[in-house]
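Asks: Protein sequence lines correspond, in order, to chains P and L.
Just so it is clear: in the first sequence, position 192 is 192 by this note's numbering, and no numbers are missing.
Just so it is clear: in the second sequence, position 286 is 614 by this note's numbering, and no numbers are missing.
Hints in this document: simulated from the structure, not taken from any laboratory.
Take these hints with a grain of salt, some might be off.
Unchecked claim - Quick list of in silico lysine to any residue cross-link-like pairs, SDA-like style, CA-CA up to 20 Å:
hint, chain 1, residue 1, chain 2, residue 2
1, L, K537, P, M311
2, L, K631, L, P591
3, L, K580, L, D527
4, L, K549, P, I173
5, L, K498, L, T464
6, L, K726, P, S171
7, L, K549, P, A265
8, L, K515, P, P297
9, L, K515, L, E693
10, L, K499, P, Y308
11, L, K453, L, I425
12, L, K386, L, L363
13, L, K419, L, K498
14, L, K636, L, R705
15, L, K537, P, V258
16, L, K537, P, Y308
17, L, K549, P, L145
18, L, K549, P, A28
19, L, K716, L, R701
20, L, K386, L, Q370
21, L, K411, P, T148
22, P, K120, P, T154
23, L, K515, L, T464
24, L, K726, P, Y308
25, L, K549, P, F24
26, L, K411, P, L145
27, L, K657, L, V362
28, L, K549, P, R34
29, L, K411, P, T144
30, L, K726, P, Q177
31, L, K549, P, Y308
32, L, K636, P, T154
33, L, K549, P, T154
Said to hold, decoys possible - Residues on chain P that point at chain L, a partial pick, calculated with CB under 7 Å:
hint, residue
34, N42
35, A44
36, V46
37, D156
38, T159
39, P161
40, Y162
C-beta atoms are modelled at their ideal positions from N, C-alpha and C, and glycine is treated no differently.
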Amino acid sequence: MERSDVRSLYLLAAFLVCAYAMPFLVGAWAGTVRLDERWLGNLATVVVGGIMQGGVYAMFALGLTLIFGVMRIINAAHGEMVMMGAYLTWVAFFYLGVDPLLSIVLTLPIAFVFGVAVQKLLLDAAVGAPELTGLLITFGLGLTLIYTAELIFTTDFRTIPYAPGTVQLTSAIAVGQNRVISFVLAVAISTAVYLFLKLSRLGKAVRATALNAEVAMVCGIDVRRIYLITTGLAAALAVAGGALVSIQFGFNPETGVVYTLQAFAIIVLGGRGHYVGALIGGLMLAVLENLVSLMVPNGTAMVELAAYGLMISVLLIRPGGLMGVKEG
Amino acid sequence: MKTAAILAFAGALAALLGLGVGTGWAGHRPNNEVLVGGAISQTGQYAEPAGRQVYSIKLWVDEVNARGGLLGHTIVLRLLDDKSDIQTSIKLYEKLITEDKVDLLLAPYSSGITEAVANVNERYKMPFVAYGAASTPIWEKGRRYIFNIVAVAEDYQKGAVHLARQIGVKKAAIIGQDSLFPRQAGKGAKDWCKKLGIDVVLEENYPTKQTDFTALLQKIKAADAEAVFSNSYFADSAAQLRQMRELNLNFKLYSSTIGPSLPNFPEQLGATAEYVLGFSQWEPLPKVLGHPGMQEYIERYEKRFGEKPNYHAGGAYGALQVTEAALKKVGSFDNEKLRDALATMEVQTIYGRYKVDARGMNSHEGLTFQVLRGQRRVVWPEKWAETKAELPTPEWSKR
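So that you can see chain P by itself, here it is in the shape it has in the complex (with noise of 0.2 Å):
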């Protein structure tokens, strides 16, 4: 490691400090942090809530990174797929009563294949062109999917009301039963992908694509059907965060576009195309923003000042991201 490495590293770590330690200094002045029993309550209860949330973000984001890290394509119809799969846990459930849980069973060979035909058919033609290229198809694509369903669904808002009760972690902790159903699937599906890219044959080629693909295709990979297989595990977790998506919030099919946004900060703060940055990108950028928003006055029309804030200062510091390696 070289010097100015560790040391951009040192100025990060107190970065994170300061950036963190914020939100309660402003929350102290204002006199909204009070140190008694409920509020500490209220604290841990928007921390356990940034966690589960963060955890879901991330895994919209591990589709977009895992794209980007192969075939240098910033897929822009990303937060489109994770909207269709919304849409097909939603038709699942109210049309053939399909619990959400066991619909992505059944959507994740379905989200599969269009990946593979979204790559055979539009992908193809970008990878290696000039990242503009990518860029406009993926938009195009996202457009398409955003008025197909406008087509089917109307811009009407659904939502599926599934596991709405309450967990009760300790006297002052609570959290929603769907999001702990959402952040234990999001996890488990992340470390499964994880792993599959770390420890198979198959994850190995993909990774060796991803580090430089004339030589993984010199090494007898074929190159294409890995590219494949990316896009087709890239939308499958896409369309599998849809299904969480689906069991939390309201969406129509314009709701794609905040994904997308929201993905893309978080693989640019972790590292772009670095699957376990994008991880802790995800539970970072959710926690900082509860934070500001539990402490700071007005501080939850700050959340996007503060989440872009921190990526900025970030990207100042460490230019490669959290976990990125140094370009050029």
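Start from chain P and add chain L according to the hints.
Replies: Showing chain L alone in chain P's frame:
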């Protein structure tokens, strides 16, 4: 490769522009026809509410033509799509007025778009009744050619605050999305709280894309608020309610401006939507509201579109009734005289009474409803109440 990408991009742009303006209209019409035109969102984020207004517009046009037209002229309707975009809307209104030379202008949908378009029709001195805008600032700039018909944002929480007062709420929180309309509604809620002696212990806005309200709800509870006035749409009010239940946070009253009034709110949220208060400009309840012609309008609308009209539809139809009455009074398509008629006359419509003040604002009275056993029931004002409000809201554990 690079040139190819740029060419593709330029091609896509050209195609988009072509879609917007491609279907050019010849600009001359036979003598017994009159051109009525407007731009309203048929795609994009406002497509749903604006779409219901489009239904009412089409219904009105066909009815007028069936009874011999407007002042004896058959209406030719020219309804463009602004794609829920302000810039597009401005361009389309310029085009409708200067190129197509419409005889009568129709309003767009949403406060933001109407505010922008108001500068265009003001410049060309063409009046319209704004059925899609509920934001007071539009009428506080001395404009003369725009008339209000719907209740304004400031009064959306009026009924809920009154009900809170009735059950003895002393401390309340006002939260809302950080955009024009919810902010106005929040300002109104605060004023009503002040008037009725309710202490506002927390006032906070959140970004439009906010999905997680855990921290905000904890903050509201920490401030000891008993009631929550939420100036929210579907996604945010749904998330707030669900998260209140998840976190087991109980309030005596929760009211949301827009979300609960959307047709599918109770169905999509199930039991979580119970006891929530919402606001409606109008409901298709002729027996309750008793406005003249309501029953017939509702029947015709339902027969043609397969659903009951909601308040967006009712407002548009009411505005068109006002316009028609004003034109009859004037006896010609003279826009200056039409403006004077709209500014002074009083009309009874299916939507209620229309009579504007010096600013051009109508004092339309809305109603507050509560979701009870999956149904929206009017609970305020008392003269229209179908049932008594069931408040305070029972605790989550006792439902």
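Asks: List in ascending order the numbers of the hints, as given earlier, that are violated by the structure.
Replies: 5, 7, 10, 13, 17, 22, 24, 31, 33, 35 and 40
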